[in-house]
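S.K.: Sequence:
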Amino acid sequence: MINVTLKDGSIKQIPAGTTVLELASSISQGLARAAVAAKINGEIKDLNTKLEEDAEVEILTLDSEEGLAVMRHSTAHLLAQAVKNLFPGTILGIGPAIANGFYYDFDSEHVFTPEDLEKLEAEMKRLAKEDYKFERQELTREQALDYFQQKGEKYKVELINDLPGEARISIYTQGNFTDLCAGPHVPSTKMLKAFKLQSIAGAYWRGSEKNKMLQRIYGLAFAKKSDLDDYLNKLEEAKKRDHRKLGMELDLFSLHDEGPGFPFFHPKGMVLRNILEDFWREEHLKRGYVEIKTPIILSRSLWEQSGHWDHYKDNMYFTKIDDQDFAVKPMNCPGGMIMYKSKLRSYRDLPIRCGELGLVHRHELSGVLHGLLRVRSFTQDDAHIFMLPSQINEEIIGVIDLIDYFYKVFGFEYHVELSTRPENSMGSDEDWEMATNALKEALETKGLEYKVNPGDGAFYGPKIDFHVKDCLDRTWQCGTIQLDFQMPEKFDLTYIGEDGEKHRPVMIHRVVYGSLERFIALLIEHYAGAFPVWLSPVQVRILPISDRHNEFANIVETVLKEEKVRVEIDQRREKINYKIREAQTAKIPFALVVGDKEMETDSVSVRRYGEQETAVMNLNDFVSLIKTEIITKKINDKGLVQ
RNA sequence: GCCGAUGUGGCUCAGGGGUAGAGCAGCUCACUCGUAAUGAGCAGGUCGUCGGUUCGAAUCCGACCAUCGGCUCCA
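Position one of the first sequence corresponds to residue 1 (the numbering used here), numbered consecutively onward.
These are calculated hints, taken from the structure and not from any lab test. Nothing here was measured: the structure is a model prediction, and the numbers come from that model. Please note that the accuracy of each hint is not assured.
To be verified - Under the rule of at most 35 Å between Cα atoms (straight-line distance), these lysine-lysine pairs were calculated in the DSBU-like manner:
no., residue 1, residue 2
1, 245, 224
2, 240, 469
3, 469, 212
4, 320, 245
5, 212, 408
6, 129, 239
7, 212, 7
8, 234, 286
9, 469, 7
10, 84, 225
11, 45, 7
12, 268, 240
13, 154, 193
14, 440, 633
15, 239, 320
16, 225, 469
17, 341, 320
18, 239, 469
19, 234, 587
Model the full assembly from the supplied sequences, consistent with the hints where possible.
M.R.: Written out as structure tokens, the structure reads:
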């Protein structure tokens with residue numbers, strides 16, 4: 001007999017050799033039916049795994065993310081089986097579980113079409129009903145190589161060759177289909193019920209553009225049909241808050257063929273932008289920052305000195321002035337270096353926190369452009385902090401706190417990543433290690449959880465990245481803190497120390513919004529276009545009921561304008577219902593209806609965006625209400641759900 | 001840049017080898033109206049661009065451009 005510790009802490013005695021499924025049955029039949037896999041001492045295994053010694057066992061069902069992942073992975077195998085049946089000769093890539101579903105990469109002469117997806121889905125449903133068992137088999141390396149070589153599965157052969165020597169090689173078979181796979185899998189295809197093939201995309205084998213591009217089929221898979229439907233609905237809802245759609249509807253910005261990746265900001269978009277800039281200046285001033293502006297075009301020699309010419313050329317735009325080479329800046333730092341060097345600096349001056357709302361241009365590949373989230377010209381809310389080595393920790397923490405403060409004001413949730421030294425970077429390993437450790441230390445001081453992104457740093461230093469989600473849960477890097485020992489060296493930056501000698505300062509590059517464009521896109525999606533009052537391009541729309549109320553409406557407008565409220569009047573000769581509807585679809589936070597009743601009492605009838613009920617209040621009361629919301633930057637949580 | 005899809009009036013979309021259609025928006029007129037669409041009329045497109053096939057192309061073919069979904073890359 002062996003002792004099995006269950007999830008709830010209880011210990012069960014069972015005979016050695018009992019399978020996990022039998023264990024589940026002994027607990028309850030319901031659990032046995034719902035079980036998809038099990039976590040044995042932290043490792044996820046098949047249900048028919050035999051328990052030979054004492055262990056901690058957790059039976060996984062589709063109620064857990066881990067159970068879902070197993071099921072999704074099994075669904076990927078089901079797709080591969082369907083593809084093999086319908087398109088014989090297809091060579092298999094890989095097919096993992098991902099958030100909400102799975103994908104599988106295929107190499108096929110046949111180009112998959114959306115119609116094929118329907119056929120494949122039907123075939124998958126047919127196969128699922130066949131109740132094929134997922135059977136695991138372990139092979140030696142030679143057997144595995146033989147098997148897949150014979151079948152012409154060259155990618156699988158490559159994978160096997162790359163497996164470490166001691167790895168156990170396993171294959172899984174369901175019906176007529178066998179795949180190389182570490183597992184685990186659900187017991188049978190009949191557990192695969194709620195899935196849908198979603199899209200076809202190209203994807204490089206092993207994620208390298210040097211390799212062949214395979215055809216990737218994406219699918220969704222959930223525990224039950226209603227979960228799948230819920231998710232599909234969520235996708236539909238998400239489309240409604242897409243910043244590209246809302247940006248046009250709300251007249252914030254536009255994109256045109258004449259300038260791919262170069263957004264046009266409309267008057268209302270500019271209001272939003274300017275508020276973000278005002279807020280930024282205010283908060284930075286409080287924290288001891290100064291602001292500069294450096295040129296957009298600078299000479300080739302500067303970019304050679306900074307290393308951009310060697311490390312960033314592919315992303316830069318060039319021009320000639322009087323036969324000399326110049327480049328349009330892709331980053332603000334070299335300009336900041338020149339500013340620093342424009343006079344002698346003392347240790348007493350440090351840290352210098354030097355901000356710049358700098359417009360940068362980067363040549364991004366055409367296929368990556370995406371609304372305001374990925375553009376070719378954008379404004380970074382940059383700053384370069386020049387400091388003594390002893391100030392590093394404190395300054396990094398200062399920036400972390402600043403970013404956290406900003407994101408909280410907007411109600412953004414974020415996650416943090418630490419990106420380390422990339423290939424093709426400058427500087428010594430010691431410098432990189434020092435810089436990376438400094439960033440880590442600051443993160444740990446703050447107790448922030450972070451994910452490490454190996455090789456994802458800038459060419460001059462490691463960085464802490466702050467990521468925010470868009471409407472489809474794709475994350476976008478916004479804030480970043482980069483520690484740089486290289487630029488000060490390259491530009492021979494110095495300060496005069498206490499000892500009267502020259503010393504090398506250390507530098508931080510950092511942004512809070514990241515880019516105004518990206519941040520605005522994320523704000524639009526976050527609020528679904530219904531901005532909190534302080535950000536709203538139009539805060540109030542006055543709706544006179546008929547012509548005879550226009551005069552009073554004008555008075556209300558004047559009063560609000562005096563208080564710097566952004567207000568407009570809808571004086572068209574339309575019915576009040578119509579005007580209200582339009583104010584709502586324009587997502588204006590306050591619609592003020594004024595008619596006879598209001599005129600007599602110097603009041604306004606206040607209707608908030610997204611609410612049905614109205615409140616008649618004295619004009620002065622409304623002024624103080626809206627002003628409070630503006631000053632406190634109140635977030636209207638109604639805007640977050642639609 | 002790579003793979004696939006898409007491109008018809010300001011927007012959403014129908015149509016499809018014989019020189020273009022709807023709804024919304026816009027404009028005009030009437031209605032002066034109490035919390036999500038008043039009615040009538042008018043106007044608006046060389047069907048992404050350039051080539052080719054054809055008696056004839058918006059429709060078929062090709063190239064290019066842009067957009068969308070991915071991949072790679074990034075704020």
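S.K.: A separate judgement is required for each hint: does it hold in the structure or not?
M.R.: These are the hints, each one checked on the structure:
Taking the CA atoms of residue 245 and residue 224, the gap is near 31 Å; set against the 35 Å cutoff, the hint holds. Straight-line distance between C-alpha atoms of residue 240 and residue 469 comes to about 16 Å, which keeps the hinted pair within the 35 Å bound. For the suggested pair residue 469 and residue 212, the alpha carbons sit about 31 Å apart, so the restraint of at most 35 Å is met. Under the criterion of a C-alpha separation no larger than 35 Å, the hint pairing residue 320 with residue 245 is inconsistent with the structure, at around 38 Å.
This hinted pair does not check out: residue 212 and residue 408 have alpha carbons roughly 44 Å apart, beyond 35 Å. Note on residue 129 and residue 239: the hinted pairing holds, with a Cα-Cα distance of about 34 Å set against a maximum of 35 Å. Pair hint residue 212 plus residue 7 does not hold up; C-alpha atoms about 45 Å apart against a cutoff of 35 Å. About 41 Å separates the Cα atoms of residue 234 and residue 286, which puts this hinted pair outside 35 Å; it is violated.
Restraint check for residue 469 and residue 7: satisfied, since their Cα atoms lie roughly 33 Å apart, inside the 35 Å limit. With a CA separation close to 26 Å, the supplied pair residue 84 and residue 225 stays within the 35 Å bound. For the hint pairing residue 45 with residue 7, the CA-to-CA distance comes to about 15 Å; that is within 35 Å, so the pair holds. Restraint check for residue 268 and residue 240: the C-alpha separation of about 20 Å stays at or below 35 Å, so the hint holds.
Using a Cα cut-off of 35 Å, the hinted pair residue 154 and residue 193 holds, with the two alpha carbons roughly 31 Å apart. This hinted pair checks out: residue 440 and residue 633 have alpha carbons roughly 32 Å apart, not beyond 35 Å. A C-alpha spacing of about 43 Å is found between residue 239 and residue 320, which places the hinted pair above 35 Å, so the restraint is violated. Restraint check: the Cα-Cα separation between residue 225 and residue 469 comes to about 26 Å, which is no more than 35 Å; the hinted pair holds.
Taking the CA atoms of residue 341 and residue 320, the gap is about 26 Å. The hint holds against a cut of 35 Å. Restraint check: the Cα-Cα separation between residue 239 and residue 469 comes to about 14 Å, which is no more than 35 Å; the hinted pair holds. Of the pairs offered as hints, the one joining residue 234 and residue 587 holds, with about 21 Å between alpha carbons and a cut-off of 35 Å not exceeded.
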